[in-house]
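S.K.: So the chains spell out like this:
Number of protein chains: 2
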Amino acid sequence: MANPHKQFHLAVFLLAGGHHVSGWRHPEADALGVHDFQYYKRLAQTAERGKFDAFFFADVLGIGQNDKRFDPSNVRLDPMLPLAALAVVTERIGLVATVSTSYNEPFNVARRFATLDHLSNGRASWNVVTSFKSQEANNFNQHSLPDPSLRYEKAREFVQVVKGLWDTWEEDALVADKESGIFSLEEKIHDLNHEGKYFSVRGPLNISRPPQGHPVIFQAGTSEGGKELAAETAEAVFTAWSTLEKAQEYYRDVKGRMARYGRAPDQLKIMLGLIPIVGRTEEEAERKEQELQSLLLPEVGVAKLSYMFGYDLSPFPIDEPLPQTFNLGDAHGASRRFQPIKDIADREQLTIRQLYERYAGNRGHLQVRGTPEQIADVMEEWFVAGAADGFNILPPYLPGGLDDFVDLVVPELQKRGLFRTEYEGTTLREHFGLSRPANRFH
Amino acid sequence: MANPHKQFHLAVFLLAGGHHVSGWRHPEADALGVHDFQYYKRLAQTAERGKFDAFFFADVLGIGQNDKRFDPSNVRLDPMLPLAALAVVTERIGLVATVSTSYNEPFNVARRFATLDHLSNGRASWNVVTSFKSQEANNFNQHSLPDPSLRYEKAREFVQVVKGLWDTWEEDALVADKESGIFSLEEKIHDLNHEGKYFSVRGPLNISRPPQGHPVIFQAGTSEGGKELAAETAEAVFTAWSTLEKAQEYYRDVKGRMARYGRAPDQLKIMLGLIPIVGRTEEEAERKEQELQSLLLPEVGVAKLSYMFGYDLSPFPIDEPLPQTFNLGDAHGASRRFQPIKDIADREQLTIRQLYERYAGNRGHLQVRGTPEQIADVMEEWFVAGAADGFNILPPYLPGGLDDFVDLVVPELQKRGLFRTEYEGTTLREHFGLSRPANRFH
Ligand SMILES: Cc1cc2nc3c(=O)[nH]c(=O)nc-3n(C[C@H](O)[C@H](O)[C@H](O)COP(=O)(O)O)c2cc1C
Ligand SMILES: Cc1cc2nc3c(=O)[nH]c(=O)nc-3n(C[C@H](O)[C@H](O)[C@H](O)COP(=O)(O)O)c2cc1C
Numbered sequence: 001m002a003n004p005h006k007q008f009h010l011a012v013f014l015l016a017g018g019h020h021v022s023g024w025r026h027p028e029a030d031a032l033g034v035h036d037f038q039y040y041k042r043l044a045q046t047a048e049r050g051k052f053d054a055f056f057f058a059d060v061l062g063i064g065q066n067d068k069r070f071d072p073s074n075v076r077l078d079p080m081l082p083l084a085a086l087a088v089v090t091e092r093i094g095l096v097a098t099v100s101t102s103y104n105e106p107f108n109v110a111r112r113f114a115t116l117d118h119l120s121n122g123r124a125s126w127n128v129v130t131s132f133k134s135q136e137a138n139n140f141n142q143h144s145l146p147d148p149s150l151r152y153e154k155a156r157e158f159v160q161v162v163k164g165l166w167d168t169w170e171e172d173a174l175v176a177d178k179e180s181g182i183f184s185l186e187e188k189i190h191d192l193n194h195e196g197k198y199f200s201v202r203g204p205l206n207i208s209r210p211p212q213g214h215p216v217i218f219q220a221g222t223s224e225g226g227k228e229l230a231a232e233t234a235e236a237v238f239t240a241w242s243t244l245e246k247a248q249e250y251y252r253d254v255k256g257r258m259a260r261y262g263r264a265p266d267q268l269k270i271m272l273g274l275i276p277i278v279g280r281t282e283e284e285a286e287r288k289e290q291e292l293q294s295l296l297l298p299e300v301g302v303a304k305l306s307y308m309f310g311y312d313l314s315p316f317p318i319d320e321p322l323p324q325t326f327n328l329g330d331a332h333g334a335s336r337r338f339q340p341i342k343d344i345a346d347r348e349q350l351t352i353r354q355l356y357e358r359y360a361g362n363r364g365h366l367q368v369r370g371t372p373e374q375i376a377d378v379m380e381e382w383f384v385a386g387a388a389d390g391f392n393i394l395p396p397y398l399p400g401g402l403d404d405f406v407d408l409v410v411p412e413l414q415k416r417g418l419f420r421t422e423y424e425g426t427t428l429r430e431h432f433g434l435s436r437p438a439n440r441f442h
Numbered sequence: 001m002a003n004p005h006k007q008f009h010l011a012v013f014l015l016a017g018g019h020h021v022s023g024w025r026h027p028e029a030d031a032l033g034v035h036d037f038q039y040y041k042r043l044a045q046t047a048e049r050g051k052f053d054a055f056f057f058a059d060v061l062g063i064g065q066n067d068k069r070f071d072p073s074n075v076r077l078d079p080m081l082p083l084a085a086l087a088v089v090t091e092r093i094g095l096v097a098t099v100s101t102s103y104n105e106p107f108n109v110a111r112r113f114a115t116l117d118h119l120s121n122g123r124a125s126w127n128v129v130t131s132f133k134s135q136e137a138n139n140f141n142q143h144s145l146p147d148p149s150l151r152y153e154k155a156r157e158f159v160q161v162v163k164g165l166w167d168t169w170e171e172d173a174l175v176a177d178k179e180s181g182i183f184s185l186e187e188k189i190h191d192l193n194h195e196g197k198y199f200s201v202r203g204p205l206n207i208s209r210p211p212q213g214h215p216v217i218f219q220a221g222t223s224e225g226g227k228e229l230a231a232e233t234a235e236a237v238f239t240a241w242s243t244l245e246k247a248q249e250y251y252r253d254v255k256g257r258m259a260r261y262g263r264a265p266d267q268l269k270i271m272l273g274l275i276p277i278v279g280r281t282e283e284e285a286e287r288k289e290q291e292l293q294s295l296l297l298p299e300v301g302v303a304k305l306s307y308m309f310g311y312d313l314s315p316f317p318i319d320e321p322l323p324q325t326f327n328l329g330d331a332h333g334a335s336r337r338f339q340p341i342k343d344i345a346d347r348e349q350l351t352i353r354q355l356y357e358r359y360a361g362n363r364g365h366l367q368v369r370g371t372p373e374q375i376a377d378v379m380e381e382w383f384v385a386g387a388a389d390g391f392n393i394l395p396p397y398l399p400g401g402l403d404d405f406v407d408l409v410v411p412e413l414q415k416r417g418l419f420r421t422e423y424e425g426t427t428l429r430e431h432f433g434l435s436r437p438a439n440r441f442h
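So the sequences go chain by chain: A and B.
First residue of the first sequence: 1, per UniProt numbering; consecutive thereafter.
First residue of the second sequence: 1, per UniProt numbering; consecutive thereafter.
Calculated directly from the structure, the hints in this document are not laboratory data.
Be aware that one or more of the hints could be misleading.
Since copy identity is lost for identical chains, a pair holds within one copy or between any two.
[Said to hold, decoys possible] Here are the computed lysine-lysine pairs in the DSSO-like style, where the Cα-Cα straight-line distance is at most 30 Å: (1) K197 <-> K154; (2) K68 <-> K163; (3) K133 <-> K163; (4) K197 <-> K415; (5) K41 <-> K154; (6) K415 <-> K154; (7) K178 <-> K415; (8) K154 <-> K133; (9) K41 <-> K415; (10) K41 <-> K51; (11) K178 <-> K6; (12) K133 <-> K197; (13) K227 <-> K51; (14) K51 <-> K133; (15) K163 <-> K255; (16) K133 <-> K178; (17) K197 <-> K68.
Owing to the predicted nature of the structure, the values given are computational and were not obtained by experimental measurement.
Using the sequences and the hints given, assemble the complete structure.
M.R.: Pasting the structure below:
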């Protein structure tokens, strides 16, 4: 077996239907799986068979107001619940849930992840997001979205409180001694007494310390505030880049910020999004991609581009270039990562149709089409070039797209020594090689 | 089989460790089961074998500050997560989670229960509580507990918003038509546009309508505000009375309030708490009770009484009557239901020790000790006398206390035609005989 430090990590990004915008229309896709636990169970067990580090549920707290017809991601289960159920039908794979710091209370979030960590024996992880859509704000008493810097300031305090609450029970506070009648040791249960700008939380939590100490913190921000929060608190980040240079730049940037917080670079794993279109032959892979592209309706393509850019393109002629009036600099933070795509569009003078045909399916994620060897080549190249510590696999349609990756690509990665052939640890923290956080009260 | 309208309903109230304050110390109790999914799975499957209507998780968002040593209920999983996992290892039993309207957002709560209802194919239920402990307020940015009438006013609006959100997707809004590319029908997905005193929520929800239409609404308030909220919105209530007269009075009171809201009395099921101490013989039952009583530490007894009365009794001599200075009228709402116990203490001039020996174990719930026939007699009597539509079973210790009830008492109830021998429906709404709510947008 190769040096374990020369191996990368794998997560699967679950989006019911699949990641290509038309993936749910694929003949082999399970379009109605979104409500069905058997669907998630099959996917999680497949990823576990492939020895994946983690299974990841994204989340958005509302639906796209302009896109009520075509988008399967307008229907989503609350991630914590299917993950709790998956915890009891899987053994090793990490379970990552996205939860927003803008529309929840830290006490509840700390407790829910502690619960998931107990139910899964140490496999819980929180993807910290600040939420960036105004539709979400409208569902939570707000008429508009707060400024990104305020959202990140609040997120920072929120994460601090959550980590503090996880420490309020020392490791060995719970004794359940029937003989003496002492259930827990008072001197090992602590108030937090947090009084901050956004939150005032006394504690202690009403659940004992999570098996991992702290569930693993994931994050996915790309703005200044986002990268800074990652450098300070995240143990893994999801990221999306379609050019090697941009990915390397981001990698160096975020890892470079960590020293200021007294953190070693290997205590943060950068997981790069990758949409694999796998064929046993090049022709088969090409056919698959064409099949998916042929299912892409113009309305959906334009809507996706509009969503990515945060700018409504539907009034403009589809066979002409992007309108002159549109400048990505005005768009909200989440759209800024699409600047490279905007640059390509301007440089090549692509029409709206050409642009969505190229990018709507993958939404800025690296898409790789080919045989298992060709896909493994790209992964190896990007990993070795310092663009990522691992990959966040986004199957174009489900469940077939994940089956293909696990059955065809994973064995090739294992053959090259790039990926584990067996789980060595039992917790997500162990899979990632992350150290266990000390307890501040100890 | 007897007339189904002559049958009652059964729920089991889960409190890890059991309901007698010393139940967790019982030799057969699983004192550390609280973190272990296998514990909950065994209990839920036992209740389902007994054809119970529902499995109920209470919840409190904090721990007793003065009682960090003796109380196993200082450790609790977030109820929604184990219930989600139980949904996939049970088939018929209803799954009730307590969630507070004081420390959550209606959008999140609506979505979580819709998720649980989908995962369980129509077995989700929400026990609506306003939370009554100041320790809980301290974990959510508040230095003291808001006034009960404000809490209930907010709860009322909260429940309205949640029900509204459950209607935002019409029954048949999701089509997932691969051919046309239409995933959902725009004209069947509605904004809620709620603008109220406490909440402003646009909607729609991002999950399709729950299988039950609306998950079943449980409630457990006993104040004026609590009873009024129950009469207006609850479909089942949990209640605790140790005298038949008080239970009948409450039953008549709550059912009598329903007409004002245009509701029929049988659309609300009153579930009375019952702690069964079951023996194959009277002697065995008596021995069991004595065994539990002998495990009750004085500190725990005094702490429990103090908690019930909302008044710290620890400074007072244990072998003297309640202090003159203590008047239950000053206590918070949740303590008012203990007035009958206070009256008995005053009338019989019981010492603090005598009082906790009699009431700390059961905390005001009806406790019945005896053979299966004797326990069935009491249940039949109270049911026929119009004190309850069903019983909320609180096993004194777990898992054995539930096994005894299911294996010994349930067959006796079935023999008398008082309880079902098979599930007839598949949803909790069907078990309870509740009608399916119409969709306001339809
Ligand atoms: C792979 C990936 C997954 C993401 N998942 C979510 C998500 O589930 N929910 C969410 O609100 N934001 C999600 N985001 C958005 C980020 O949290 C973040 O808001 C966005 O990248 C913009 O960065 P900024 O907030 O730093 O401006 C995701 C981003 C990436 C790259
Ligand atoms: C059987 C039963 C179970 C209850 N479970 C909870 C609970 O899990 N969490 C909670 O905060 N309150 C719970 N309560 C308290 C009630 O919600 C309510 O606050 C209390 O009965 C006082 O009534 P009031 O709020 O109308 O004054 C329960 C009450 C009863 C009778």
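S.K.: Next, verify each hint and record whether it holds.
M.R.: Going down the list of hints, with the structure as the test:
1. K197 <-> K154: For K197 and K154, the Cα distance is within 30 Å both inside one copy (8 Å) and across copies (25 Å).
2. K68 <-> K163: Between copies only: 21 Å across chains, 38 Å inside a chain, cut-off 30 Å.
3. K133 <-> K163: The answer is both: 26 Å in one copy and 24 Å across copies each meet 30 Å.
4. K197 <-> K415: So K197 and K415 fail the 30 Å test inside a copy (52 Å) and across (62 Å) alike.
5. K41 <-> K154: Neither: 35 Å inside a chain and 38 Å across chains, both beyond 30 Å.
6. K415 <-> K154: neither (45 Å within a copy, 60 Å between copies)
7. K178 <-> K415: neither (53 Å within a copy, 38 Å between copies)
8. K154 <-> K133: Both: 16 Å inside a copy, 27 Å across copies.
9. K41 <-> K415: Within one copy only: 27 Å inside, 40 Å across.
10. K41 <-> K51: both (15 Å within a copy, 27 Å between copies)
11. K178 <-> K6: Intra 49 Å, inter 43 Å, cutoff 30 Å: neither.
12. K133 <-> K197: Both: 24 Å inside a chain and 24 Å across chains, each within 30 Å.
13. K227 <-> K51: Answer is within; shortest intra-copy Cα gap is 29 Å, inter-copy 53 Å.
14. K51 <-> K133: neither (34 Å within a copy, 45 Å between copies)
15. K163 <-> K255: within (22 Å within a copy, 46 Å between copies)
16. K133 <-> K178: between (52 Å within a copy, 28 Å between copies)
17. K197 <-> K68: The answer is between: 29 Å across copies meets 30 Å, while 38 Å in one copy does not.
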